[in-house]
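*Asks:* Model the placement of chain D on the given structure of chain E, informed by the hints.
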Amino acid sequence: MTAALGVTPTIVLVGHGMVGQRFLEALAARGLTATHRVVVLCEEPRPAYDRVALTSYFSGKTPEDLSMTDMEFINDHGIELYVGDPAEAVDRETRQVTARSGKVFTYDTLVLATGSFPFVPPVPNKDAEGCFVYRTIDDLLAIEEYAKTRTTGAVVGGGLLGLEAAGALKGLGLTSHIVEFAPRLMPVQVDEGGGAALLRTIEEMGLTVHTGVGTQEIVIDESGAVTGMKLSDGSELATDLVVFSAGVRPRDQLARDCGLTVGERGGITVDEQCRTVADPHVFAIGECALASDGRVYGLVAPGYEQAETAAATIAADESEQLTFTGADLSTKLKLLGVDVASFGDAHGTAEDCLDVVYSDSRAGLYKKLVIGRDGTLLGGILVGDAEAYGTLKAFTGSVPPVSPESLVLPAGAGAPAQLGPSALPDEAIICSCNNVTKGTIRGAVTDHQCTTVPEVKKCTKAGTTCGSCVKVLGQLINAELEASGVEVDKGLCGCFAQTREELYEIVLALRINTYQDLLDRYGRDGARGGDGCEVCKPAVGSIIASLAPTIGASGYVLDGEQAALQDSNDHFLANIQKNGSYSVVPRIAGGEITPEGLIVIGEIARDFGLYTKITGGQRIDMFGARVEQLPLIWARLVDAGFESGHAYGKALRTVKSCVGQTWCRYGVQDSVRMAIDLELRYRGLRSPHKLKSAVSGCQRECAEAQSKDFGVIATAAGWNLYVGGNGGATPRHADLLAQDLSDAELIRLIDRFLMFYIRTADRLERTSVWLERIPGGLDHVRDVVVEDSLGICEELESLMAAHVANYRDEWAETIKDPEKLARFVSFINAPDTPDPVVGFVPERDQIKPDLPLLTIGQRPLEGSAQR
Amino acid sequence: MTLAPETTDLKVQVRLGEDWLTVCDLPRLLPGRGVAALLPDGSQVALFRDRAGRLYAIDNRDPFGGAAVLSRGLTGSHQGRPFVASPLLKQRFDLESGQCLDDETVRVATYEIRTS
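Protein chains in written order, with the numbering used here: chain E, 1 to 867; chain D, 1001 to 1116.
Chain E extracted, bound-state conformation:
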């Protein structure tokens, strides 16, 4: 703090976790990185990452996805970050920190953000091979590796992290147990009723829960590896691995060693400025700190507040005197797919308080509100449905404008009160992780011209940590935009003011089966009666095709008016290439093809002189067909039993597969059969964008299912369904939607998922982008398609059933219809003349387009036109 003249003062930060990173951002925001040398010592081999989302690693997030550190930020601010090099000693006399590498740093200010370590109960053999903790990415990698050859796992601890760990073990394909010493799960957050609701739901998922028992000993075999555990009730539990998740303790050893004051039960004692009581040059923030209210906070939001407080104190900015005197412990989590939230005085410890409880064990619902004598909402617990969390939490401490029971009753059970966020006061905290009020969010819209959730997140940091408030955020932004009279044109194009989703609803509800009818009735004023445009015609054509059997339209995309709506490729049922020739792709479901099939394709390609190439989707593409050759080629393909592969359509493309159980010694299910079943079920399904899929026969994932719109991976117990994956320019790992499904469950869920996507996606929006965009994201989609929260699953299934029942091969239809065939000519006035611009030259024993030919016909404008 006081530095010799001319020498830049130094801040040394020990620990680069979420709180440490937030501290660096707070320093930068106050200009301190410009006036100070900032050194960071980080023990883990990677810089700060999102520990809260650790478990998402098992649903496909990579360590890189979890990173919270923007190296540009570190470099731009001249921060010296040493990863894998923890502080080993502090000398407060000389103000020096020594790192493991031997580097020594002299500090003016030292900030300890060393976090916490997992508590492992002192039971015999607790360090045996097969015992793990659940805290870092490296812990996860170790568990994943060990679990590969094991079948059973047990988690010690039924709290928040314990349930996450148990979910992770289940995701790794292990039979999973949870051992909790308390009489219920999540004893800190929920009461008996909430714990019971949670227990039922979790047991239904196939996890075994043992409550009210302690772990007495880890049982090992002669090699020293875990084989089971002895419990306090005398029973023994066989297990291959044990994950200890019985709480955390502050990491205060470094502080103890240099003589800083620590609390009786651990934690570095700090004052309201987060400065250690023993040394004004040293601060402690996050889970290693014992705050001035005598508590150690194990949540990220209070840690962030401490980081801001410490930074403000170091900046010594008189205008900003932050203090940290305690924090709210409200949490909302999704554990194993179950919403659990508790906020305020959740256990009703205030004098004279009353409970309002709604409980439905059948549905796994439990909601309790704690109300003061005067009607003030004091706190509550929500299990199974925490939709109202954001609103309820913001009302905590005030008397809500509606009766408490209407806030917990499910919709449709006589609960008229839909308390929107617009009813909240400006001081209400919407994002408690980042302490952002409703007023700040409104300001972002009105004063900073933010109009979307991502913009507001960037501007205010709201919703950037746990994400539980993002839904409320969206509602607030829209309400604010509406109130300020901003017209946000979300319309599909210049012809329609509606979004694609709205048009879908109109078409379905009113059974509108022609584009012109839709345009003339629902188009924008200037567009009605017109010709539409290249944006809305194929989009509406796709909606009509998706819903054809239900709305009474032809399922054949070249029928009547529909022909004029189709993109050029759909119009010719082939893919146009750069010289105006086409490529042809017959369906090869699941990538399985007979030698006879291969020979037929080879003969056709040879006879028509086509270039052939194997596609990424396990089929064969034949290039260089002239438009007039398409019907001839297809007549032979159809004759040999092939059908359209819809490579030209915004439709299902392929379902790739590995050979699976039938041949592969690792396979656990018949992936080829499932891929064929899926491809034949969804073939021809028109959608907002193309759909790709794959089925892998085991967890080795050779079919790359996690890069597909919907991907299926076999497990010993059935199938795991992943959704929203993508390859291409913006790759995205698919998210796990559901596990261990039977064949019928899998197909039913994919039916619902696809139809929900088709219903709600924007035009040309792949599932990966859609999943990121729609409010609530994956959780919402899961609620809708797994839990049927909107009550539409029956309709989604019946729409798909209609599609399946009415599927016809477009090419077989086309070659039977002379009128349609007449369109397949290069020239209407010379049907037998090929397009002279389409020519080919040899390359590597095949053909390629003759590009110089394309310059023929290039002529000056003058003289050619007579107008």
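A portion of the hints provided could be inaccurate.
Claimed, not checked - Below, computed lysine-lysine pairings styled on DSS-like, alpha-carbon distance capped at 27 Å: (1) D:Lys1090 - E:Lys490; (2) E:Lys461 - E:Lys61; (3) E:Lys230 - E:Lys490; (4) E:Lys848 - D:Lys1090; (5) E:Lys690 - D:Lys1090; (6) E:Lys820 - D:Lys1011; (7) E:Lys471 - E:Lys461; (8) E:Lys170 - E:Lys332; (9) E:Lys820 - E:Lys690; (10) E:Lys230 - E:Lys332; (11) E:Lys613 - E:Lys848; (12) E:Lys848 - D:Lys1011; (13) E:Lys458 - E:Lys332; (14) E:Lys578 - D:Lys1011; (15) E:Lys471 - E:Lys458; (16) E:Lys332 - E:Lys461; (17) E:Lys170 - E:Lys103; (18) E:Lys613 - E:Lys690.
As the list claims (entries may be wrong) - Rough simulated footprint, nothing fancy, chain D against chain E, three-plus residues with beta-carbon under 8 Å: (19) 348-355; (20) 570-576; (21) 719-728.
What the hints assert, rightly or not - On the chain D side, residues computed to face chain E include the following (Cβ under 8 Å): (22) Ala1037; (23) Gly1053; (24) Val1069; (25) Pro1082.
No lab work stands behind these hints, which were simulated from the structure alone.
The structure presented is a predicted model; accordingly, all values stated were derived computationally and were not measured.
Built from N, CA and C at the ideal position, the CB exists for glycine as well.
*Replies:* Just chain D, lined up with the frame of chain E:
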């Protein structure tokens, strides 16, 4: 461009210098879609018919990609003016003037068209 009453024996004709070249029967033109015709000099013309029955003719060659494909593009109207979007890279061309709506330096040739 001309208004074409719906009769089956009407022929579509394109003007070439002083002459009119008969290309096809009117019903072969589907509202909202185009067809290509080969001209005696080997060049190609793209013919379109809009929803109101009006006819248009422009050079079939996409000046950006070089392929003769404009007849296979999707048509529409933009601020009351008819256009076709190339099936290659989707540039739009005004069907009456040939002007590219996405690049003001590019224009394709247009032809007079009528029915008789």
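*Asks:* Please write out, lowest number first, the hints stated earlier that are contradicted by the structure.
*Replies:* 3, 10, 12, 14, 17, 19, 21, 23
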